[in-house]
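Q: Residue numbers (our numbering), protein chains in the order written: chain D, 12 to 270; chain A, 12 to 270; chain G, 12 to 270; chain W, 12 to 270.
Fair warning: there could be bad hints in the mix.
[Stated by the list, open to error] Dumping the calculated DSS-like pairs for lysine-lysine here, alpha-carbon to alpha-carbon at most 27 Å:
#1 K174(A) with K198(A)
#2 K198(A) with K28(D)
#3 K132(A) with K14(D)
#4 K265(A) with K36(D)
#5 K265(W) with K198(W)
#6 K81(W) with K265(G)
Derived by calculation from the structure, the hints in this document are not laboratory data.
The residues making up each chain are set out below.
There are 4 protein chains.
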Amino acid sequence: MLKIGDLVFLYHSERAKYLITVQEKGSFSTHKGNIPFSELREKDFGDMIKTHMGFPFHILKPTLADLSMKVHRTTTIVYPKDAGLMMLKSFVFPGARVIETGTGSGALTTILATYVQPNGKVYSYEARSEFSDNAKANIKKLGLSDFVEFFVRDVEKQGFDQKDVDAVFIDLPEPWIAVKHAYDALKGGHSLVSLSPNTEQIRKTKAVMELEGFVRIQVLEILERELLVRITGTRPAERMISHTAYLIFAQKGKKPTAE
Amino acid sequence: MLKIGDLVFLYHSERAKYLITVQEKGSFSTHKGNIPFSELREKDFGDMIKTHMGFPFHILKPTLADLSMKVHRTTTIVYPKDAGLMMLKSFVFPGARVIETGTGSGALTTILATYVQPNGKVYSYEARSEFSDNAKANIKKLGLSDFVEFFVRDVEKQGFDQKDVDAVFIDLPEPWIAVKHAYDALKGGHSLVSLSPNTEQIRKTKAVMELEGFVRIQVLEILERELLVRITGTRPAERMISHTAYLIFAQKGKKPTAE
Amino acid sequence: MLKIGDLVFLYHSERAKYLITVQEKGSFSTHKGNIPFSELREKDFGDMIKTHMGFPFHILKPTLADLSMKVHRTTTIVYPKDAGLMMLKSFVFPGARVIETGTGSGALTTILATYVQPNGKVYSYEARSEFSDNAKANIKKLGLSDFVEFFVRDVEKQGFDQKDVDAVFIDLPEPWIAVKHAYDALKGGHSLVSLSPNTEQIRKTKAVMELEGFVRIQVLEILERELLVRITGTRPAERMISHTAYLIFAQKGKKPTAE
Amino acid sequence: MLKIGDLVFLYHSERAKYLITVQEKGSFSTHKGNIPFSELREKDFGDMIKTHMGFPFHILKPTLADLSMKVHRTTTIVYPKDAGLMMLKSFVFPGARVIETGTGSGALTTILATYVQPNGKVYSYEARSEFSDNAKANIKKLGLSDFVEFFVRDVEKQGFDQKDVDAVFIDLPEPWIAVKHAYDALKGGHSLVSLSPNTEQIRKTKAVMELEGFVRIQVLEILERELLVRITGTRPAERMISHTAYLIFAQKGKKPTAE
Chain D
12 MLKIGDLVFL
22 YHSERAKYLI
32 TVQEKGSFST
42 HKGNIPFSEL
52 REKDFGDMIK
62 THMGFPFHIL
72 KPTLADLSMK
82 VHRTTTIVYP
92 KDAGLMMLKS
102 FVFPGARVIE
112 TGTGSGALTT
122 ILATYVQPNG
132 KVYSYEARSE
142 FSDNAKANIK
152 KLGLSDFVEF
162 FVRDVEKQGF
172 DQKDVDAVFI
182 DLPEPWIAVK
192 HAYDALKGGH
202 SLVSLSPNTE
212 QIRKTKAVME
222 LEGFVRIQVL
232 EILERELLVR
242 ITGTRPAERM
252 ISHTAYLIFA
262 QKGKKPTAE
Chain A
12 MLKIGDLVFL
22 YHSERAKYLI
32 TVQEKGSFST
42 HKGNIPFSEL
52 REKDFGDMIK
62 THMGFPFHIL
72 KPTLADLSMK
82 VHRTTTIVYP
92 KDAGLMMLKS
102 FVFPGARVIE
112 TGTGSGALTT
122 ILATYVQPNG
132 KVYSYEARSE
142 FSDNAKANIK
152 KLGLSDFVEF
162 FVRDVEKQGF
172 DQKDVDAVFI
182 DLPEPWIAVK
192 HAYDALKGGH
202 SLVSLSPNTE
212 QIRKTKAVME
222 LEGFVRIQVL
232 EILERELLVR
242 ITGTRPAERM
252 ISHTAYLIFA
262 QKGKKPTAE
Chain G
12 MLKIGDLVFL
22 YHSERAKYLI
32 TVQEKGSFST
42 HKGNIPFSEL
52 REKDFGDMIK
62 THMGFPFHIL
72 KPTLADLSMK
82 VHRTTTIVYP
92 KDAGLMMLKS
102 FVFPGARVIE
112 TGTGSGALTT
122 ILATYVQPNG
132 KVYSYEARSE
142 FSDNAKANIK
152 KLGLSDFVEF
162 FVRDVEKQGF
172 DQKDVDAVFI
182 DLPEPWIAVK
192 HAYDALKGGH
202 SLVSLSPNTE
212 QIRKTKAVME
222 LEGFVRIQVL
232 EILERELLVR
242 ITGTRPAERM
252 ISHTAYLIFA
262 QKGKKPTAE
Chain W
12 MLKIGDLVFL
22 YHSERAKYLI
32 TVQEKGSFST
42 HKGNIPFSEL
52 REKDFGDMIK
62 THMGFPFHIL
72 KPTLADLSMK
82 VHRTTTIVYP
92 KDAGLMMLKS
102 FVFPGARVIE
112 TGTGSGALTT
122 ILATYVQPNG
132 KVYSYEARSE
142 FSDNAKANIK
152 KLGLSDFVEF
162 FVRDVEKQGF
172 DQKDVDAVFI
182 DLPEPWIAVK
192 HAYDALKGGH
202 SLVSLSPNTE
212 QIRKTKAVME
222 LEGFVRIQVL
232 EILERELLVR
242 ITGTRPAERM
252 ISHTAYLIFA
262 QKGKKPTAE
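If we strip away everything but chain D, and leave its shape as in the complex, we get (with noise of 0.2 Å):
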């Protein structure tokens, strides 16, 4: 049975989905119908629960992909298809210590706090503080605090706490300011990811991270595409997302040197 506090995805169809928390009292209203919590607390996940209008909604599991995308946002963030292949590409597994900047909305941060538990760390540096407390908040009702180190602060002046980190994700406006500290913090052989939607970031970010000493940069792109399977037929949908950002990968190895 479900409890208060639990998340639940709540789905009626594609356009009537929704995160919610269970609530000890009152109702959660969709547009269609309301779904008193005190009924929905008497169910499971993977059973149906009907409004008072009649209509079906099948009680599921967030996915991690559903928490990310459903942090309240602030700032643009970090979709699922790009995280992924980052989270691959990178060192970030149980145990693992790793640091991101800007906290954003804390979409990423949700992610990496997921795969580093029980004993891992995220720490989390943003410049504004309203972007941090915001995502802050996110953290805490997802249950992922203790997995979180949040910090305000401007990173291109006063870098970061944390050495021998695992992994380092960029995500600022400017990259280029924090790949020499990422370096720093990093161990040697170990990743840093940097996302950035113009082809001008990447190039500058990119030549920066080449003086500092990162090495096998790639630069990548991810695009996904939904297939309709009708009873009518099976097609690619007839519009998608083109475009979120590009993603460059690289790791820590020797400075070059002028020999």
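Based on these hints, arrange chains A, G and W on the given structure of chain D.
A: Just chains A, G and W, lined up with the frame of chain D:
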């Protein structure tokens, strides 16, 4: 300093890169020259080493994408671009219990085992014992054996042994044969992911998923495109991998009734 | 100087652009203000004109893509990204005789008629007279009536009247019904192009093409992606049209025999 | 019956296909065996012919895409997927007068010359005489010499000889050098198309276009993806050409003034 048994990614360039295990004796041969293991063991991750012909190689930590792509292959494997999204849109996390079938070469097994550490488990089912044996050897080499249990079995006839698992992954030529068993093994509201190259496989699998009580079914395809950032200019690579597989994501709901 | 009846593309921005025909009297209304036709007729292509509210519009020559996209639509239409390749991979040239079915809204008809001038002809077949009438009006407005002959007909039962045509284009919900007739109408070795949104339509059409004696059958899909080049940076547009139709290209060979 | 000089596309399979010119004597050699021209001349388009080893080849009419892709190459060429859209989004039609620079290998020249027949003309400028000579030979072989005038010239310094042309096409490493000349040569409101592989080229060319008075500037990229329709299933091809060039489309408006 590197130790015997460490996995190392030796990187000279995109055309000369190797995933190796540090040995006690002998040397590693590349077409750029040899690297004696005794010399390598005096280095650390992030250092550089030169072959006897003078070519420099960076000593990098292999990413999870490297490890999964470099398993000894007896079958086609799941690509990182696909596996990344599969992780985020299902329930794979430290402590999770997940099922996959078939084991194949163990590329996905590698990824799953990494993320379910230290208390979770991957139950990996495969019909052909020679595939299972190869994958088991791959997983052992990566030091992940504690987190995987292998089964050689005809899943269609015998199903899975586990109940209440967090996620099921199907990578079979006829994925629909395992859908009912996946339903029985999953926790309510949790997720099933299946991947197939052909639209006909997807269509049939989706139909069976609907009949068996899976909901929120979505079919996606992930395209990875490289951006070349060179002195001479910035542009997408001329060629790309256009298609590996379609991914179906679904969650366990209530079976449809005649009501 | 512009004349009555001239087709003009008025362009203020991507959000305010209009394909209009120059009239004798009155004025053209936009949400940026009005432009009197008497004033417009004192201008020429390439000039600028201001609305009564002071917004500037460029007076541009409409491209063939503009003309085909702006036909009065009663149906979905063929997009320029698809039509362009369809021209090059078939035999549409000044003097060519080509068949299309169905006529639809006349978007493809517009393109075909433009290229077969001054001695060729488009034979355009459509089952529904209201569609044919609308397309005929569209073609007349564009001054291309001399190059198109319209037929209202059930092609499946009655076939085409022409023989030895240079190319046949099929845009029907059940394209396979016209394949045999296309074979009979085409010159040897010449080309048939069919387009359909769904893979099932493509599969069946291709199978019928093979049975009827078409060879060198190829299925392609064209994706058009916009690159935004702005002061703030260069990047692909966030959204794109992902799918309009699959295109099948084939050429008339010898019917397969039991030999 | 085929005649000496006819262009024929011999098609056995995607791996054995040839564009040839019918000769008086001798035979054409393929790795599937030889085909004597005397035998070929007794056939017609759409017929089948067997090599001395018994392999069947279909005798097909080469499409415009075939002709342009098979020109003797001394340079990279414009691909049909790009050229098709370039035709529709500019003013190339029977009777049009159009300029291109550089001539390159004559692939685009072939397409332009085909469509401007019988009264139009392509003015093709190239800095290097050896490229121009090769392209001239290609065009002659295709029987299109009456529709093309070749110029060997440094366009940056000397500009174009024509005025009031319907369209200008630029395919140069430094496209911006020809933009002002294109403006001077074009009819008002008519179109300029430029193509370049790199974003930096696009950025600079677009900036110069804006300064010179071009409007409605749009940058597009065309991706062509093959769908494999086989007995075993339907799926996109595993690999695709990801990038050839970005296309800039613009139309001649009024030069921006200080007003």
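Q: All hints, please: hold or fail.
A: Each hint tested on the structure:
1. A hinted pair counts as satisfied when its Cα atoms are at most 27 Å apart, and K174(A) with K198(A) qualifies at roughly 7 Å.
2. With a CA separation close to 20 Å, the supplied pair K198(A) and K28(D) stays within the 27 Å bound.
3. With a C-alpha separation of about 26 Å, the suggested pair K132(A) and K14(D) falls inside the 27 Å cut-off, and the hint holds.
4. Distance hint between K265(A) and K36(D) is fulfilled; the C-alpha atoms sit about 26 Å from each other, no more than 27 Å.
5. Simply put, K265(W) and K198(W) have alpha-carbon atoms about 12 Å apart, close enough for the 27 Å limit, and the pair holds.
6. About 25 Å separates the Cα atoms of K81(W) and K265(G), which keeps this hinted pair within 27 Å; it holds.
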